[in-house]
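Engineer: With chain A fixed as given, assemble chain B onto it according to the hints.
Just so you know, the sequences run in chain order A and B. Per the numbering used here, the first sequence starts with residue 1, numbered consecutively. Per the numbering used here, the second sequence starts with residue 1, numbered consecutively.
It is worth saying that the hints were derived from the structure and are not from the lab. Possibly wrong hints are sitting among the right ones.
To be verified - Ranges between beta-carbon positions, derived for each pair:
hint, chain 1, residue 1, chain 2, residue 2, range
1, B, 72, A, 157, 54 to 64 angstroms
2, A, 379, B, 111, 44 to 54 angstroms
3, A, 219, B, 51, 36 to 46 angstroms
Stated by the list, open to error - Computed footprint of chain B on chain A, listed as stretches where at least three residues anywhere in the stretch have a Cβ under 8 angstroms from a Cβ of chain B:
hint, region
4, 208-219
5, 305-312
6, 346-353
Just so you know, even glycine gets a beta-carbon here, dropped at the ideal spot from N, CA and C.
Here is how the chains run, residue by residue.
2 protein chains.
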Amino acid sequence: MPAVSGASDLFQLLRDGQPRTRTELADLFGVARSTVALRVEALMELGLVAPVDDAVSTGGRPSSRFALRTETKAVLGVDIGASHLRVGLTDLSGARLVDASRDLLVSEGPEAVLDTVAELGAELLQRAGRSADDLLAIGIGVPGPVEHSTGRPINPPIMPGWHGFDVPGYLHARFGVPVLVDNDVNVMSVGEREAAWPDVEDLIFVKVATGIGAGIICNGALLRGADGVAGDIGHIRVPRGADMLCRCGNYGCLEAVAAGPAVARKLQASGHAAEDSLGVVALVNQGDHEALQLVRQAGRDVGEVLSACLSMMNPAVIVIGGAMALTGEHFIAGVREVIYSRTMPLATQHLQIVQSASGLDAGVVGASMLAIQHALSPESIDGMLAGVSP
Amino acid sequence: MPAVSGASDLFQLLRDGQPRTRTELADLFGVARSTVALRVEALMELGLVAPVDDAVSTGGRPSSRFALRTETKAVLGVDIGASHLRVGLTDLSGARLVDASRDLLVSEGPEAVLDTVAELGAELLQRAGRSADDLLAIGIGVPGPVEHSTGRPINPPIMPGWHGFDVPGYLHARFGVPVLVDNDVNVMSVGEREAAWPDVEDLIFVKVATGIGAGIICNGALLRGADGVAGDIGHIRVPRGADMLCRCGNYGCLEAVAAGPAVARKLQASGHAAEDSLGVVALVNQGDHEALQLVRQAGRDVGEVLSACLSMMNPAVIVIGGAMALTGEHFIAGVREVIYSRTMPLATQHLQIVQSASGLDAGVVGASMLAIQHALSPESIDGMLAGVSP
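Looking at chain A on its own, in the form it has when it is part of the complex (with noise of 0.2 angstroms):
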């Protein structure tokens, strides 16, 4: 069916929002009205696409400018924890619908987790007002390696149970649509630059809490390499760790000298109350001054293994996200001294070191944005326009 294959094409062309009449389609596709006007007609009794409302300038005509419907069409987007759950319904611009959040070990594992999933997801359909029909995809980041291709765990440290446990099959039975997972830190990635950084093409964002780990975005898009493990920086070795057991086996990784549970522990060493990241936090913003010098070379490591990765990839913006980075000035000041201090002149006069921005939400909206991406892509509009007769 050549004329609503067509609309897929047409379809992304108003993705960029602009209205535009059916001449204007014809013109710019170089094909006729006519075609143009089955195409439109294709995308309408899918719901993606419906006329303006310009009464005013054309003087109570029906409107003949198209555009994209954003409203029509939700996603919902899932940020699971080592101990929370996070879960939002947006529409197809990204815009927040409702929300919900639960308490909830991941260590309980792939049923508990994804059944309370699939309960809060139909809960927030129907607080919206939606049907299950108006889902149509679901994105979800997970604290640990994913197979790209699968979706599934891969031997993820802190999610026991689930390792190739086929997460989107698992709520693909729930609710019939296509389920994107991937690592939270690559998700949180693309969340923070869809809420401040959107025309920046390339962007490290550096999640440092119990673990350490980054998300990377170069040419515009997330970086997975070749297994799927870009961006595993807290295993970079440091100098300052060299007889600092990591829990990977090794001596000296940066996670093992700077996550919150190494910092931590030289807290309770010298007899102060710290569990954990948060506990460290806590000190920090009580002006505690220990904590303060701890915190703060934690950012000289952590900037130390930034400096060898800035030279390589010369990102433009580097934000600092995870429990950690709540310490706010004290950790990103640790971290700009060495990256300043080390790295060449050209590499960081345009460069940002920030604190993240879109905070414990950024999870949320990297997975809806997966989910959107996901949507709106050409082989997920054929596949809808393949049940509609042009």
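Structural biologist: Only chain B this time, still in chain A's reference frame:
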């Protein structure tokens, strides 16, 4: 002129090399056969598309299938090194027609060098029996940083007189075609991928010679970074170099520790005659024990930096090129030794670490590829079509 502007899309489709009939093209684009006929005609007028000779299969009737025509037009690939100039003329499939090289110091300045490029280019066109009209674009790699948007070298340390010089303008005045200029290592990484790893999406090409730099292909595209200096790994700090001053003014840079001159200086200090990288290579090939040890250690130092790079980028292939790679397995063994002991298994399980396959030819191959990619881009084809009546 919509029909002709649609011709550009049609051309992009034909870039896969597969011949198609007008009817097949009409179906693929969802437009009338007569519209396709107009577009094909415009592309034939440009010499970019031609009927395929399949007289045998159709029993002698004139062919009705059309395909990309790669052999009628040509591009010039230019590799400018510190002390050499290599030029190749290739057709649009990248097949080399003729080439030439010249010993020439880049320090003689842009006019002297580019006049020689122009002279060799004209000579190659003549030798290949082509006219200036057959030339579509010129690609050039230079041994220094280049501002991507303008093609002008930016403070290149070993190219006195070239800072801010309008390389594209100078050669455009001679040949009247687009001129693409990029850093030599970027160009070599494109050439190496084209020649040896066409299906690999994530690759790091490392040149180890007088300096050390990398060309990075990620998600299938060259990474330039925010300021065009991605891949500048020669100034990442290595622990072993703490007291070694680099020409950049910092201490401990990889380049100050492991590039050709650093190794040559150590050999000189113990009474060997080694002027530069090639002197080191000669001693290694003679089996000199000290040279072997020093080259292996230089490999370890490069491996140290690369282990950080690959934790971040997770490439499928690391290619070692430049003069020091001519020491063969001795250097690469040092690289592998450190990478496999330092890096998480998930990032190295499928990794290949290899010597450059295209060797000294990578620069010309890559420069030709840049020129071909530009010449066949939608923008260029649109520009050419603007001069053709539909």
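Engineer: Now tell me if each hint is right for this structure.
Structural biologist: Verification of the hints:
The beta-carbon spacing between residue 72 of chain B and residue 157 of chain A, approximately 58 angstroms, falls within the hinted interval of 54 to 64 angstroms. Taking the beta carbon of each, residue 379 of chain A and residue 111 of chain B are about 52 angstroms apart, inside 44 to 54 angstroms as hinted. The hint said 36 to 46 angstroms for the Cβ distance between residue 219 of chain A and residue 51 of chain B, and at roughly 38 angstroms that hint holds. Judged by the Cβ-Cβ criterion of 8 angstroms, the region 208-219 of chain A is covered by chain B as claimed, because 4 of its residues qualify and three suffice.
Check on the region 305-312 of chain A: 6 of its residues sit with their Cβ under 8 angstroms from a Cβ of chain B, so the three-residue criterion for coverage holds. Requiring three or more residues with a Cβ within less than 8 angstroms of a Cβ of chain B, the coverage given for the region 346-353 of chain A holds, as 5 such residues are present.
Of the numbered hints stated above, none is contradicted by the structure.
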